[in-house]
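Keeping their order, the protein sequence lines are chains A and B.
Numbering (the UniProt record's numbering) for the first sequence: 1 to 240.
Numbering (the UniProt record's numbering) for the second sequence: 1 to 221.
In short, the hints are calculated from the structure, not lab data.
Possibly wrong hints are sitting among the right ones.
Unchecked claim - DSS-like mimics (lysine-lysine), calculated; alpha carbons at most 30 Å apart, straight line:
(1) A:K104 with A:K78
(2) A:K129 with A:K104
(3) A:K131 with B:K185
(4) A:K110 with A:K129
(5) A:K136 with B:K185
(6) A:K110 with A:K55
(7) A:K78 with A:K131
(8) A:K55 with A:K26
(9) B:K115 with A:K104
As the list claims (entries may be wrong) - Listing some non-contacts, in silico: residues in chain B with all C-beta distances to chain A over 12 Å:
(10) L12
(11) R123
(12) S127
Note that the Cβ used here is the ideal one computed from N, Cα and C, for glycine as well.
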Amino acid sequence: MIEIENVHKSFGDLEVVKGVSLTVDKGEVVSIIGGSGSGKSTLLMCINGLEPIHKGSIRVDGIEVHDRTTDLNRLRQKIGIVFQQWNAFPHLTVLENVMLAPRKVLGKSKQEAEALALQQLEHVGLGDKLKAFPGKLSGGQQQRMAIARALAMSPDYMLFDEATSALDPQLVGEVLDTMRMLAEDGMTMVLVTHEIRFARDVSDRVAFFCDGRVHEIGPPDQVIGNPVQPETAAFLKSVK
Amino acid sequence: MFDYSFQWRPALRALPDMLAGAWVTFETAALSMIFGVLIALVLTVMRQARHPLLRGVGNGWVSIARNTPSLFQIYILYFGLGSLGLHVSSWLALLAGITFNNAGYLAENFRGGLKAVPSTQMRAARSLGMSAWQAYLMIIVPQLLRIVFYPLTNQMVWAVLMTSLGVVVGLNNDLTGVTQEYNVKTFRTFEYFALAALLYYLIAKLIVGLARLLSWRLFRY
């Protein structure tokens, strides 16, 4: 379970997250939608401690993420994240990209890590690209590799930070399909996304972010289908 | 009007001695690169440090090494330290001078190289549970190495050529030193120095060639 309680976060004088509280249950898929600069991506980076927070608390399975005594490297093993700019390691092959963390972080043997990577890469449809370098892949393929790389750590949670925003339109579908598959497998997921229809399809709950706060939250049919807040309605109208 | 007759035979007879000198030259340059790279790494870290003194020393080193003649750097290390009562050998002064110079130039290259590796690479590595040290070693440094590889090769060639400055502090067993010894004995300046220049040229070409082979092996992407 991810428990976010009254979190504040600033960059210099600019406060981007202004007191957000949100709970994500095991097996739940929660989508965060909202305009640019509303603090959605920043909040996601705070969940696995890539960004510090200034007030409030975030607990993952009861562990305080931002406590100084927390072993973040350990905690991150169970929180996978996929970035907007897929962030493939360019000097490693597809297989090596996925094998690296299981070997070096989890201490698995080469054979074990390879088997694990192979399984994940086949799962995302890249079984025939093992020896390729990321530079030779399309954006969609690189993003699917990044998903496999995160999954190879067998995380309990997956965070997606606008995973399809940097992709060419014709490549968005393949990545969304991979994410959908994951949601159907019962993975606990937090998605920051601009794909409203997709969010409506896969989410258990949708949170609308506005000006660093959760403005409206609830089942997708309510928040997207029949929003209560005028800001939510205005945002949904602008992205359609 | 032009009554100089070339005498190549004595120069060729000196070739074994000159080749021995060439080896000293290569060895000195290689050592100065090894120490230079290590110091440059330290300087790169120092220049990013929060402590102003560390930053100042790092920036000062780079600035002085890059903006003063390398001849002076060697001179000061030899005679300057000598007048303070610290006597170093000609060879040590040369090695220290070139290392000082290399470290300054390489630190600047490393800084540029680090900037060229996107910060998101670090982020991605840390998000997988890697420690900062692991991320540097396995993700950042391999990419940095590729970016600085050609500047590194250039600096190695430059280091070889700079060793010829050892002659001003009395070094007599490197390629230039040996050549100069023959020159003052025979005044066959053109022949000896032409031969020495050819040897320098071949060493430089050899380094570039080896670096190219190495880069094919190292950089697969």
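We went through each hint and held it up to the structure:
| no. | hint | result |
| --- | --- | --- |
| 1 | A:K104 with A:K78 | holds, 15 Å |
| 2 | A:K129 with A:K104 | holds, 22 Å |
| 3 | A:K131 with B:K185 | violated, 63 Å |
| 4 | A:K110 with A:K129 | holds, 19 Å |
| 5 | A:K136 with B:K185 | violated, 62 Å |
| 6 | A:K110 with A:K55 | violated, 42 Å |
| 7 | A:K78 with A:K131 | holds, 27 Å |
| 8 | A:K55 with A:K26 | holds, 25 Å |
| 9 | B:K115 with A:K104 | holds, 25 Å |
| 10 | L12 | holds, 48 Å |
| 11 | R123 | violated, 6 Å |
| 12 | S127 | violated, 5 Å |
Of the numbered hints stated above, those contradicted by the structure are hints 3, 5, 6, 11, 12, listed in ascending order.
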